[in-house]
Amino acid sequence: MNASTSLPLKGAAVKSSGLNYARLLRSALPGVSLAVLLITIFIMQPRAMSYMGMNLMLNLAVPIALATVAQMLIITVNDLDLSLGSFISFVACVAATLLDQHPVLGCLVLLGCIAVYALLGALIHIRNLPSIVVTLGMSFVWMGAAVLLLPAPGGSAPEWLQSLVRIKTPLLPFAIIVCVVLAIAVHVFLMRSTLGVVLRGAGGNPLAIAKAGWSLLRIKITMYALAGTFGVFAGLFLVGLTTSADASIALRYTLLSIAGVILGGGEFVGGRVSPTGAVLGALTLVLAGSLLSFMRISPDWQIGAQGAILIFVLALRMSVNRLEARPL
Amino acid sequence: MKRVPLLTTVMGKPWLWSFLAALLIWIATIAFTGGQGAGSLLSGSLSFSAFFVIVGIGQMFVITTGPGNIDLSIPANIALSGAIGMKLMDGQPGLIWLGVVGVLGAGMLIGCANYALIRVLRIPPIIATLSASFLLQSMAIAYGRSIRIQPPEMFYQFCTGNIWGVPFLAISVVLLAVIMGYVLTRSIYGRWTIAIGQNARAAELAGGHVNLIRFATYVLSAVFASLCGLLLAGFSGGASLSMGEEYLLASIAVVVIGGTSVAGGFSNVPGIWGAALFLYLLVSMLNTFGASAGVRLILTGLIIIAVITAVSGRKSARTA
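Those protein sequence lines, which keep their order, are chains A and B. FYI, in the numbering used here the residues of the first sequence are 1 to 328. FYI, in the numbering used here the residues of the second sequence are 329 to 648.
In case anyone wonders, no lab produced these hints; they're calculated from the structure. By construction, the Cβ of each residue, glycine as well, lies at the ideal position given by its N, Cα and C atoms. Watch out, some of these pointers could steer you wrong.
Selected chain A positions facing chain B (in silico; Cβ < 7 Å) [claimed, not checked]:
| # | residue |
| --- | --- |
| 1 | L24 |
| 2 | I126 |
| 3 | P130 |
| 4 | L255 |
| 5 | I262 |
| 6 | F268 |
| 7 | G304 |
| 8 | L310 |
| 9 | I311 |
| 10 | A315 |
FRET-style restraints, in silico, Cβ to Cβ [claimed, not checked]:
| # | chain 1 | residue 1 | chain 2 | residue 2 | range |
| --- | --- | --- | --- | --- | --- |
| 11 | B | E573 | A | R127 | 24 to 34 Å |
| 12 | A | E267 | B | N539 | 13 to 23 Å |
| 13 | A | G270 | B | E573 | 50 to 60 Å |
| 14 | A | I39 | B | Q485 | 26 to 36 Å |
| 15 | A | L164 | B | Q420 | 40 to 50 Å |
| 16 | B | G419 | A | R127 | 28 to 38 Å |
Please take these sequences and the hints and turn them into a complete structure.
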């Protein structure tokens, strides 16, 4: 980030306006695509523009947004988590069984989950393992654990959790407030704080960070533990909404979260991510489904619409990137 | 004295371990059952592994072309191709050729679409194949909605039959694996694929048509996944939407356990057979031991992690 802002100072002052324009456009893309989607929905179905309508549309978006933030933290350090969906399913199963019947044990298990994530980060760093394969293995492990805990769909979420996610806030629906707070909090932590710069640096230039005296091992552990924490939040929120769980309740979150991060302007390598973009990306994917049902298109095409929107936004971003390459 | 170099070359083959592990598990299972059903276990594992091998070979070629290259559209492709194949065959033996041609054509189109997204729109392969798979999944749902169509009797016989206990399917896939192994290590295409995986820039400077090779690789992977979808539909007596689900993880797992480097550039075909047999035999061993579905999944996952940890330990000298 700093490198690109200092570039114009070196003489290419003419280019700076074109460069910044393209960059502005690119960072505005996630927000603009969400706005276009929302406006289309409101035009097609004006009743959606109400407290109730927004609440209904966006309620299930919160767990996906949380999952996307978790995935983003992993992508920041150039890794990828293919186990996130089954992990969130497992958390949901824990919340619907253990946490309800034995609160203390349930809390311990959830803390243990975060510790497992931290351990994974350590293992991946120390042995220099491909994260895709390790998390692939972990996805079997979480799925198996979830099946052991809850062989058939069922269980019930603790009362306090159910009432927590159904809070009726004045003016704006709870879901929107959570998303805004989530985006701002993660943005401030990752993009503005000193620690955040170091954490992102571990993805951008690990050697420089290591030379500056930071432990890459501790950075990886921190990022994985944080991702695990957000994964736990996602699972808890999800089970609060659905009230009961099932071992495959959130499996599709793995792919959705990756798509959300990329849709929000993140890149797979180099520590280039955007927390606000990631949250917006997740909301866009969720609303793409709603738009289709408002358009009375068969639900068969809902997943397809998410794919189409993904391709469309990425095509737009590529044309913006071309603009950046040729600033004239 | 002369045997020592031979021994070291054999021990140095990364695919050897997957076969050894598969053999050990087979022996353990038979020891547990006291020799009961040893043959049928082997026959069954050959059948089921054949499907893993088909998608695994395609995935392996994609992974070989370097980090970040992976085909996530395989499960959706399998579901769609199975539906297309069954619909085109329409249960009539005379139309088998049409089904096969149609499915292979669909696979080619899917591969072209995947690569178009990667190349023209500059989308990272993971996201490109992911968004393609969303579209394919919807197509499979919309297209395969109608009643379940049975495969033609002759096609069903081919997919499920065997000769002296060896399934036809396994024989064909072994042949396919031999051909693809030859393509990977001896053909110009295969050599370039490996070269690109080791260093794409160097390969390009050496005169390799990097884009053409990568294009061919994504088409190959999609065609193999389509073929798997067709055979799977024939094997299970009709296409179903969810039949491709487990193949995403399985296709990556067999490639990795088979000793192919996830970073690309170092691959082998025989290991895929070993790994596929290993995975299937592992599950059936745990079944015979009476382990529940949960325990089976957990152990499968832990073994994948253990294998990758052990493999990376041997190669750390190179990557460092």
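Right, here's what the structure says about each hint:
1. This hint is violated: L24/A has a C-beta 20 Å from the nearest C-beta of chain B, more than the 7 Å allowed.
2. Interface hint status for I126/A: violated, as the beta-carbon distance to the closest one in chain B is roughly 10 Å, over 7 Å.
3. Using the Cβ-Cβ criterion of 7 Å, the hint placing P130/A at the interface with chain B is satisfied: the shortest such distance is roughly 4 Å.
4. Of the supplied interface hints, the one on L255/A holds, with its beta-carbon coming within about 6 Å of a beta-carbon of chain B, less than 7 Å.
5. Interface restraint check for I262/A: the shortest CB-CB distance to chain B comes to about 5 Å, inside 7 Å, so the restraint holds.
6. Taking 7 Å as the C-beta contact cut-off toward chain B, the hint placing F268/A at the interface holds, the least distance being around 6 Å.
7. Checking G304/A against chain B: minimum C-beta separation of about 3 Å stays under 7 Å; hint holds.
8. Given the 7 Å rule on beta carbons, the hint for L310/A holds: about 4 Å separates it from the nearest Cβ of chain B.
9. Annotation: interface hint on I311/A holds; nearest CB of chain B at approximately 5 Å, less than 7 Å.
10. At about 5 Å, the closest approach between the beta carbon of A315/A and any beta carbon in chain B falls short of 7 Å, and the interface hint on this residue holds.
11. For the pair E573/B and R127/A, the supplied restraint of 24 to 34 Å holds, since their beta-carbon distance comes to about 30 Å.
12. For E267/A and N539/B, the Cβ-Cβ distance of about 21 Å falls inside the hinted range of 13 to 23 Å, so the restraint holds.
13. For the pair G270/A and E573/B, the supplied restraint of 50 to 60 Å is violated, since their beta-carbon distance comes to about 32 Å.
14. One distance hint, 26 to 36 Å for the beta-carbon pair I39/A and Q485/B, is violated here, with the actual separation near 57 Å.
15. Here the CB-CB span from L164/A to Q420/B is close to 59 Å, at odds with the stated 40 to 50 Å.
16. For the pair G419/B and R127/A, the beta carbons lie near 52 Å from each other, so the given range of 28 to 38 Å is not met.
The structure fails hints 1, 2, 13, 14, 15, 16 (numbered hints given earlier, in ascending order).
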